[in-house]
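These protein sequence lines are chains P and H, in that order.
Position 81 (the first sequence) corresponds to 81 in our numbering; numbering is contiguous.
Position 125 (the second sequence) corresponds to 125 in our numbering; numbering is contiguous.
I should point out that these hints are in silico values taken from the structure, not numbers from a laboratory.
The structure displayed is predicted, hence computed values, not measured ones.
Some clues are possibly wrong.
It does not matter which identical chain is used: a pair holds within one copy or between any two.
Each computed DSBU-like pair below joins lysine-lysine, with the alpha-carbon atoms no more than 30 Å apart [what the hints assert, rightly or not]:
no.	residue 1	residue 2
1	K176	K62
2	K38	K153
3	K176	K153
4	K176	K149
5	K153	K2
6	K62	K153
7	K149	K38
8	K38	K2
9	K176	K2
10	K38	K62
11	K38	K176
12	K149	K2
13	K62	K149
Listed here are the chains, written in short residue letters.
Protein chains: 2
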Amino acid sequence: MKFCSQCGRPVTLTVPVDDDRPRHVCSSCGTVHYQNPKLVVGCIPEWEGRILMCRRDIEPRKGYWTLPAGFLENGETTADGARRETIEETGSRVTDLIPYLMVDIVHINQIYLMFRSRLVAPDFHPTQESAEVRLMEAADIPWDDIAFKVVEKTLRCFLQDRASGRFAFRTDRIEKRELVK
Amino acid sequence: MKFCSQCGRPVTLTVPVDDDRPRHVCSSCGTVHYQNPKLVVGCIPEWEGRILMCRRDIEPRKGYWTLPAGFLENGETTADGARRETIEETGSRVTDLIPYLMVDIVHINQIYLMFRSRLVAPDFHPTQESAEVRLMEAADIPWDDIAFKVVEKTLRCFLQDRASGRFAFRTDRIEKRELVK
Numbered sequence: 001m002k003f004c005s006q007c008g009r010p011v012t013l014t015v016p017v018d019d020d021r022p023r024h025v026c027s028s029c030g031t032v033h034y035q036n037p038k039l040v041v042g043c044i045p046e047w048e049g050r051i052l053m054c055r056r057d058i059e060p061r062k063g064y065w066t067l068p069a070g071f072l073e074n075g076e077t078t079a080d081g082a083r084r085e086t087i088e089e090t091g092s093r094v095t096d097l098i099p100y101l102m103v104d105i106v107h108i109n110q111i112y113l114m115f116r117s118r119l120v121a122p123d124f125h126p127t128q129e130s131a132e133v134r135l136m137e138a139a140d141i142p143w144d145d146i147a148f149k150v151v152e153k154t155l156r157c158f159l160q161d162r163a164s165g166r167f168a169f170r171t172d173r174i175e176k177r178e179l180v181k
Numbered sequence: 001m002k003f004c005s006q007c008g009r010p011v012t013l014t015v016p017v018d019d020d021r022p023r024h025v026c027s028s029c030g031t032v033h034y035q036n037p038k039l040v041v042g043c044i045p046e047w048e049g050r051i052l053m054c055r056r057d058i059e060p061r062k063g064y065w066t067l068p069a070g071f072l073e074n075g076e077t078t079a080d081g082a083r084r085e086t087i088e089e090t091g092s093r094v095t096d097l098i099p100y101l102m103v104d105i106v107h108i109n110q111i112y113l114m115f116r117s118r119l120v121a122p123d124f125h126p127t128q129e130s131a132e133v134r135l136m137e138a139a140d141i142p143w144d145d146i147a148f149k150v151v152e153k154t155l156r157c158f159l160q161d162r163a164s165g166r167f168a169f170r171t172d173r174i175e176k177r178e179l180v181k
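Bound-form chain P, shown alone:
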C-alpha cells in the first residue's frame, strides 16, 4: 500500500497514537488503513463415501488436486461462502454443512475454515477453475499431487475421524517450513 484509498495522497508506515504496531497512515487526511487476515472457506463434499475433489486449472498450483475453497466475500455467511466456492469450482451443490476444521496460516495471513458437507446429487463437471472434477475413494486420493498443505491436512483429519466414527471441531496451523516439499 502506497497511497491513501480515501484521498489519493501518499501513506507512511507509522504507529498511530493509542496503537502498538505500524499501520499505513495517510500523511494528508490522517486515515489509518488497517490490514487484517482473510478467511478462506471450503468444503469436504461427500457422496456415498467418496470425496469430491478438483484438479486446478488456474495458478497457483495449476494441475494439482484440491478441495473447493476460496476467500469469503462481503455479504455472505461462512457456510454460504463454502457453498458458493463449491459451485464455482465443481458445478455441484452441497448441503448439511458442519464446521469441521479451522487452520491458522499465519505467514500468509489466512485462516481456513473447512466444512463437512454432502452433495445434493452426484452432478458435477469441469469449470473455469477446475480442469477435472472427480469423486475419489479414500484409496484413490492422489497424495503426491495435492495442491496445498491445508488440503492434505484436511483430508487426513477427515479420513482419520471418519474411520473412528467420531467427528469433532478441530483446529490446526501450518508453519512456513511445512510448505517446502
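Start from chain P and add chain H according to the hints.
Leaving out everything else, chain H in the frame of chain P:
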C-alpha cells in the same frame, strides 16, 4: 474506497473480467481491490465458575458490558489474537483456549470467533479500553447493559452448555433486525 492504494489514481466500481461482482478497480494501473469480511476473536475467560467481563470505556457502546474481543491482526493465530485482546481489555492472561462459538454478522461483514478459556490468575484491572473489569457470577450478569448482541448470545450459549455439562463447537448468526432493542 475512492483511490488506488498502489498508484493513487481514482478507482471505479466495476465487474472485472472473469469475476461475478463489482470491485474497486483502478482506472489507471488496473489493480483490483478486494474487500473481505474481518474476523473478530475473543474469549469467555473463566475463574472458579465466574466470567471476566469489562465495561467499555471507548465508543461504540461506551459504558456497556462486554467480553474481551477485537479484530484479528496480521501475523497472529486466532487464539493468539483472542489472548492479546484479553490482555489489552482486562490486563489478564488466559490459557486453555478452546474454540467455542462462531457467529456470522453479515450486514457488517464480520465473523466472530469466541474461545472458552481460563484465567491464569485472578489478576485484572481497568485498562485504556475498559473502565471496569469484574468477575461475574452468572446471576450477576447485567443482561440489560450488554454492549453487543453477539456478546449476549455468547454468554447465553455458554451458560446453557455449562449447565448441561456438555460443550460442543457452535455456530450462530446475527441479523440486522436483531440489533434493534
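Okay, the hints, checked on the actual structure:
For the homomeric pair K176 and K62, the shortest alpha-carbon distance inside one copy (21 Å) is at most 30 Å, but the shortest distance between copies (40 Å) is not. In this homomeric assembly, K38 and K153 come within 30 Å of each other (Cα to Cα) both inside a single copy, at 19 Å, and across copies, at 24 Å. In this assembly of identical chains, the alpha carbons of K176 and K153 lie at most 30 Å apart only when taken from the same copy (14 Å versus 36 Å across copies). In this assembly of identical chains, the alpha carbons of K176 and K149 lie at most 30 Å apart only when taken from the same copy (10 Å versus 37 Å across copies).
Taking the shortest alpha-carbon separations for K153 and K2, neither the intra-copy value of 36 Å nor the inter-copy value of 40 Å comes in at or below 30 Å. In this assembly of identical chains, K62 and K153 lie within 30 Å of each other by CA distance solely inside one copy; the values are 19 Å within and 43 Å between copies. In the homo-oligomer, the alpha carbons of K149 and K38 lie at most 30 Å apart both inside one protomer (17 Å) and across protomers (24 Å), since each shortest distance falls under that limit. Proximity of K38 to K2 under the C-alpha cut-off of 30 Å is found in both arrangements, the shortest distances being 20 Å within a copy and 22 Å between copies.
Taking the shortest Cα distances, K176 and K2 sit within 30 Å of each other inside one copy (27 Å), while across copies they are farther apart (35 Å). With identical chains, the CA atoms of K38 and K62 are at most 30 Å apart both within one copy (22 Å) and between copies (28 Å). In this assembly of identical chains, K38 and K176 lie within 30 Å of each other by CA distance both inside one copy and across copies; the values are 17 Å within and 23 Å between. For the homomeric pair K149 and K2, neither the shortest alpha-carbon distance inside one copy (32 Å) nor that between copies (37 Å) is at most 30 Å.
Taking the closest pair of Cα atoms, K62 and K149 come within 30 Å of each other only inside a single copy of the chain (15 Å); across copies the shortest separation is 43 Å, beyond that limit.
Checked against the numbered hints given earlier, this structure breaks hints 5, 12; the rest are met.
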